[in-house]
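Read off the chains here:
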Amino acid sequence: MNEVLATGRRTVPRWMATPESITAALLVVAFGVSAAFVPRFLDAAYLLDRSSLYMEVGLMALAMTFVIVAGHIDLSCASILALVGTSIATLHVKLGVPLLPLVFLAPLLGALLGGINGVIVAQLGLPSLVVTLATMALYRGLAQVLLGDHSVSLPAWFTGIERVAIAGTLLPVPLVLFLGLAVALGLVLHKTVFGTWVFAMGTNAEAARYSGVPVAQVTISVFVMSGVFSAMAAMIMISRLGVARYDHALGLELDVITAVVLGGASIFGGRGTVTGSVLALFLIAVLQTGMGVANVKAEYQATASGALLIVAVLMGNCFARFRKWTASKGEGSCSGS
Amino acid sequence: MNNRWRLVEVRELPTLALWVLICAVTALVQPKFLTAGVFRSILLWIPLLVVVAMGEMMVMLTRGVDVSVGSMMGLAGMAVGIALRDHPGIGVYGAMVLGIALGATLGAVNGLLIAYGNVPAIVATLGTLGAYRGLVHIVSRGVQVDEYNLPRELGRWSIDGPFGQTLVPWVVVFAILAAAGTLLFLRFTRVGRDIYAIGGNPEAAWLRGIPVRRVTFLVYVLSGLGSGLAGVLYASRFGTINPAAIGSGFELIAISAVVVGGVSVFGGSGTVAGVVLGCLLLGTISTALTVLNIADAWQGTTYGLVILVAVIFDHWMGTRFRKA
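As they're listed, the protein sequences go chains A and B.
So that you can map any letter, position 155 of the first sequence is 155 in our numbering, and since no number is skipped, the others follow by simple counting.
So that you can map any letter, position 11 of the second sequence is 11 in our numbering, and since no number is skipped, the others follow by simple counting.
FYI, nobody ran anything at the bench for these hints, they're computed from the structure.
A couple of the hints might just be wrong.
[Stated by the list, open to error] Covered, in the sense of this in silico footprint (three residues per stretch, anywhere, with C-beta under 8 angstroms from a C-beta of chain A), are these stretches of chain B:
| hint | segment |
| --- | --- |
| 1 | 136 to 149 |
| 2 | 184 to 195 |
| 3 | 224 to 232 |
| 4 | 297 to 309 |
[What the hints assert, rightly or not] A few chain A residues that don't get close to chain B, going by computed Cβ distances all over 12 angstroms:
| hint | residue |
| --- | --- |
| 5 | 27 |
| 6 | 209 |
| 7 | 326 |
[To be verified] Not everything, but these chain A residues come out facing chain B in the computed CB check (under 7 angstroms):
| hint | residue |
| --- | --- |
| 8 | 124 |
| 9 | 126 |
| 10 | 127 |
| 11 | 129 |
| 12 | 130 |
| 13 | 141 |
| 14 | 267 |
| 15 | 270 |
| 16 | 290 |
All of these numbers come straight from a predicted model, not from anything done at the bench.
Beta carbons: idealized from backbone N, C-alpha and C, even for Gly.
Take the sequences, apply the hints, and build the full model.
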């Protein structure tokens, strides 16, 4: 890797020296290695089937990209998922509210929960890390209060969304929903004024404020987005698993943040792309599927996920240094960190 | 203000008031709350938290955060349990040293990543939170260590004390020593003052020649060390060491205690007395929930609310003082 980079910007096209291209390269390598050992990796139906397992993380990662680019973090996303899932299931099963309207109510509930985060962060100027750490416990706790240690089953017609394919194709609904929203959010982040505001805020919140960016509103918006997308992920998860439980998606925020950071977003804000997050999500999916096929237990996979997150950031630092180096010298090498 | 000896700073008064209020209300609703048995269960609940919170406090004073404390505690406690089960020859003190040393090593990994690898504290420790927890499952092969696997002597730490079978067991003595040590370290050593300086203004601290990287590295090692000790105390207190249970979610309780104890979430200010008070408050709340027969399910909600109320209250106090 060093040699290729060391030739500097004169011989390496700009698009190759981006974090996204590294993620893409890693994805190709991971896929190639997996396919070499496990022939099933070349079976499209198998891959499409497995993809559904990662769409909940994917949806949350799309919104988390906005949150992180804006210079914040949302540790409560997985807890919002659990609370929305248990609330909807409780309303339907215990109070008899019809499920269909509830499915459309879910994003509103998610927006409310995310909005609470956003308002506290924006209006009081408290670090999002501490605020969402608190609401992570709070929302998960409320979900536990609602259902205790019980599972609530959902009606048959509602379950199994991942087995429903778009007419005439093999594409499962969650994957199509994810890809469609990824394109939409990519356009919002990179082609609209709102997206520019998000980047401006993450680069320098103070400067953004003086430039007339409505910082408070943008902050609240990104947290509301995170809540809405967590709620959508909740609907997919309870449909996929057929039950709602308070401990659904426990610790999943780790995977979500890993995907965004691995996709080249800076945890300090101001840098990141939706494409990068999507690529990183598929990288994580390939790695975890690979480990699953190789019979690595789920509990052990936490070690790999954690290590991957750290390696991703170390590589990002290396890149930042490389960019600085090329900017000052015109050429240079990635000196490792 | 720092040079004056005051047991309780202004910031700690509301915490103290809240503690008195909770005790009073609980005692009114359920008079059983004021018995020696309840006092003892609060006393046994706190030591684990105090030793972890001391490290977490030092980390948060430097504007960092360590969310891997629960997993470090789990890995150290599990290693101690396995060592005592498979090699009883090392003895409880040998196992204690092992646990603390392992904790410090895990903390050093965090410290290296954060201080020298420029990885933001939340990302590094969120990563090791997952990584260390996975390791707990790997080293234990998913099998728990049971009480009969552990020497009696270890369990006696939670029963006997320096004054015989009194109200103050050894685990509490360890916690008091840890708190006193932290207090002296933060008040009277150069490095201790550097920790406050870095949190107050990292740029200025660096310009004044404070070895910012080295001190940052050290606070994560100390946080790991405290978590390692907590792992040993956990083994003594509970006897059964389950890979999924030990220390799981403990980071949340530790951070709650630190924030409730008046350590600023922006770093640079906070006292040992305040954090110990925060631990006492959380221990009392947890015991009160049990005494009042409120389901365990409410614990998470309570911690979340407590953190939120504490940081919002802190903010409100801050703006009021700035105006004054």
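Closest C-beta approach of residue 127 of chain A to chain B relative to 7 angstroms, hint status: 6 angstroms, holds
Hint residue 270 of chain A vs chain B: min CB-CB distance below 7 angstroms? With a closest approach of 14 angstroms, the residue 270 of chain A hint is violated.
Was the hint right that residue 124 of chain A lines chain B, CB cutoff 7 angstroms? 5 angstroms, holds
Hint check: 7 angstroms Cβ-Cβ cutoff, residue 141 of chain A to chain B: Nearest chain B Cβ about 3 angstroms off; hint holds.
Coverage of the segment 224 to 232 of chain B by chain A, judged on three or more residues with CB within 8 angstroms: violated (count 0)
Could you check if residue 290 of chain A really has its C-beta closer than 7 angstroms to a C-beta on chain B? With a closest approach of 16 angstroms, the residue 290 of chain A hint is violated.
Grab the minimum C-beta distance from residue 129 of chain A to chain B and call the hint holds if it beats 7 angstroms, violated otherwise. 6 angstroms, holds
Using Cβ atoms only, decide whether residue 267 of chain A comes closer than 7 angstroms to chain B, and label the hint accordingly. Residue 267 of chain A check passes; min Cβ-Cβ to chain B is 5 angstroms, inside 7 angstroms.
Interface exclusion of residue 209 of chain A relative to chain B, criterion Cβ beyond 12 angstroms: Holds: least Cβ distance 18 angstroms, greater than 12 angstroms.
Is the claim that residue 326 of chain A lies outside the interface with chain B correct, judged by CB distances over 12 angstroms? At about 18 angstroms from chain B, residue 326 of chain A clears the 12 angstroms cut-off, so the statement holds.
Tell me if residue 130 of chain A is really an interface residue toward chain B, meaning its C-beta lies closer than 7 angstroms to one of theirs. Interface hint status for residue 130 of chain A: holds (5 angstroms vs cutoff 7 angstroms).
Are there three or more residues in the segment 184 to 195 of chain B whose C-beta lies closer than 8 angstroms to some C-beta of chain A? As far as the segment 184 to 195 of chain B goes, the hint is violated, because 0 residues have Cβ atoms under 8 angstroms from chain A.
Of the numbered hints listed earlier, those contradicted by the structure are 2, 3, 15, 16.
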